[in-house]
Amino acid sequence: MKQRNIFIASAALLIIAFAVGAFFYKNQQAEQAAQIAKQNQMALVRAHAPNFGNADAPVHIVEFFDPACGTCAQFYPMVKQLMAEHPGKIRLSVRYAPFHPGSDQVVKVIEAARKQGQFRQALEALFASQHIWVQNHTAQVDLIWAPLSSLGLDMERLKSDMNSPEVAQLIQQDLADAKTMNVTMTPEFFVNGKPLPNFGFDELKKLVEDALLSANAK
Amino acid sequence: MKNSLWSLVFTAWLLAALATLGALFMSEVMGFAPCVLCWYQRIFMFPLVFVLALGLFPFDPKVVRYALPLAAVGLLTAVFHLLLTAGYIPESMTPCRQGIPCSTVQIEWFGFVTIPLLSAISFLAINALLIASYFKTSK
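Line by line, the protein sequences are chains A and B.
Start counting the first sequence at 0; every next residue gets the next number (numbering that gives the first Met the number 0).
Start counting the second sequence at 0; every next residue gets the next number (numbering that gives the first Met the number 0).
Calculated from the structure, these hints are not laboratory results.
Glycine residues also receive a C-beta, built at the ideal position from the N, C-alpha and C atoms.
One should not assume that every hint holds.
Derived pair list, reagent style EDC-like, types lysine to aspartate or glutamate, alpha-carbon separation capped at 20 Å [unchecked claim]:
(1) A:Lys25 - B:Glu27
(2) A:Lys178 - A:Asp201
(3) A:Lys79 - A:Glu165
(4) A:Lys79 - A:Asp153
(5) A:Lys1 - B:Glu27
(6) A:Lys88 - A:Glu165
Label-pair ranges, simulated between beta-carbon atoms [to be verified]:
(7) B:Ser6 - A:Phe200: 47 to 53 Å
(8) B:Ser6 - A:Lys204: 50 to 56 Å
(9) A:Arg119 - B:Leu123: 56 to 62 Å
(10) B:Trp38 - A:Gln80: 48 to 54 Å
(11) A:Lys25 - B:Val112: 18 to 24 Å
(12) B:Leu23 - A:Asn181: 22 to 28 Å
(13) A:Asn26 - B:Ser6: 34 to 40 Å
(14) B:Leu20 - A:Asn26: 18 to 24 Å
(15) B:Gly30 - A:Asp141: 30 to 36 Å
(16) B:Thr136 - A:Phe200: 51 to 57 Å
(17) B:Gly30 - A:Ala214: 46 to 52 Å
(18) B:Leu123 - A:Ala214: 57 to 63 Å
(19) A:Lys158 - B:Val112: 36 to 42 Å
(20) B:Ser137 - A:Gln2: 18 to 24 Å
This is chain A alone, in the form it adopts within the complex:
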């Protein structure tokens, strides 16, 4: 009987220690992320980033994403839906964080398509065909041309634009800013400069709704 009590008490103690430790660690991480974001607003909002929605919207979401990231593709329609629910109230800026091998090449293609006014179309076509061109967590740039063919892009121009130093510099800047903002996983969202306390769409939605409320109160 005594032995059983020792066993049960030890097991309970270990589990409680784990839960309490996890709680404090997560809180501390979230606080740290908020601090970093506060101190580096410059690195968060760059003029070169592609934008969606009303430029003067009270709520500004900055998303770091990787075109080869499956969760980013899943979040895309959800964020779009969220913006549609609050017309004119949300602006979305996207920043590149091509963490998957080969993904930087795909970002170059997206940027080149952007020069032809086809940013959104290219992004959506690539997200929709991710299962074709992302294999074993590696982006295969050779496989993206078929999904992009329906956009009617000027391929000659696209191939010269994608290798321009300007595009390379933009990716370098985004990657450097991702590092500054401590973005290690994609997608990562910042709402009016604040990072998500925990990853998840509900958390993003809550942060957006809080920002909308405080914008309305002004």
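Model the placement of chain B on the given structure of chain A, informed by the hints.
Here is chain B on its own, set in the frame of chain A:
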């Protein structure tokens, strides 16, 4: 006699439970991706929590027969991993493929405590406790 035997196996269980929760904390809470060698050590550590706990109630000294092989192979893997991070075994010999290379040191507390060191110490202690209880039983 029987009580001291029980205590030995119980202490081994406690260490295995601590190591298991510690490993889960580092991967699930702190977000470190376990490398391939870490996964092998987990494979030998996690079941010890259940095998040893079942041997405690009702107490069965024979549980050592089932637990020791797991603990022994776990120890070998941990020592291999430790030698790898210390640089005694060249990286090209590692079974790592994608993800985190096993020679990467993700934490270094007090300048020398790494995850493979914690793993090796846990396995070493569990082995010692189980062997001690085995010899006590056979006497």
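Each hint tested on the structure:
Using a Cα cut-off of 20 Å, the hinted pair lysine 25 of chain A and glutamate 27 of chain B holds, with the two alpha carbons roughly 11 Å apart. Simply put, lysine 178 of chain A and aspartate 201 of chain A have alpha-carbon atoms about 25 Å apart, too far for the 20 Å limit, and the pair is violated. Pair hint lysine 79 of chain A plus glutamate 165 of chain A does not hold up; C-alpha atoms about 28 Å apart against a cutoff of 20 Å. Using a Cα cut-off of 20 Å, the hinted pair lysine 79 of chain A and aspartate 153 of chain A is violated, with the two alpha carbons roughly 27 Å apart.
At most 20 Å may separate the alpha-carbon atoms for a hinted pair to count; lysine 1 of chain A and glutamate 27 of chain B exceed this at roughly 34 Å. Distance hint between lysine 88 of chain A and glutamate 165 of chain A is unfulfilled; the C-alpha atoms sit about 31 Å from each other, more than 20 Å. About 49 Å separates the C-beta atoms of serine 6 of chain B and phenylalanine 200 of chain A, a value consistent with the hinted range of 47 to 53 Å. Range check, serine 6 of chain B to lysine 204 of chain A: about 52 Å between beta-carbon atoms, so the 50 to 56 Å window is met.
Between arginine 119 of chain A and leucine 123 of chain B the C-beta distance comes to about 58 Å, which sits within the given range of 56 to 62 Å. Between tryptophan 38 of chain B and glutamine 80 of chain A the CB atoms are about 38 Å apart, so this pair departs from the stated range of 48 to 54 Å. Hint check: lysine 25 of chain A to valine 112 of chain B, Cβ distance near 23 Å, so the stated range 18 to 24 Å holds. Range check, leucine 23 of chain B to asparagine 181 of chain A: Cβ separation about 23 Å, and the 22 to 28 Å hint holds.
Against the hinted window of 34 to 40 Å, the Cβ-Cβ separation of asparagine 26 of chain A and serine 6 of chain B comes to about 37 Å, which satisfies the hint. For leucine 20 of chain B and asparagine 26 of chain A, the Cβ-Cβ distance of about 19 Å falls inside the hinted range of 18 to 24 Å, so the restraint holds. About 33 Å separates the C-beta atoms of glycine 30 of chain B and aspartate 141 of chain A, a value consistent with the hinted range of 30 to 36 Å. Checked against the hint of 51 to 57 Å, the C-beta distance between threonine 136 of chain B and phenylalanine 200 of chain A comes to roughly 56 Å, which is consistent with it.
Restraint check, glycine 30 of chain B to alanine 214 of chain A: a C-beta distance of roughly 32 Å breaks the suggested window 46 to 52 Å. One distance hint, 57 to 63 Å for the beta-carbon pair leucine 123 of chain B and alanine 214 of chain A, holds here, with the actual separation near 59 Å. For the pair lysine 158 of chain A and valine 112 of chain B, the beta carbons lie near 52 Å from each other, so the given range of 36 to 42 Å is not met. Between serine 137 of chain B and glutamine 2 of chain A, the C-beta spacing of about 22 Å keeps the proposed range 18 to 24 Å intact.
In this structure, the earlier hints numbered 2, 3, 4, 5, 6, 10, 17 and 19 are contradicted, and the remaining ones agree with it.
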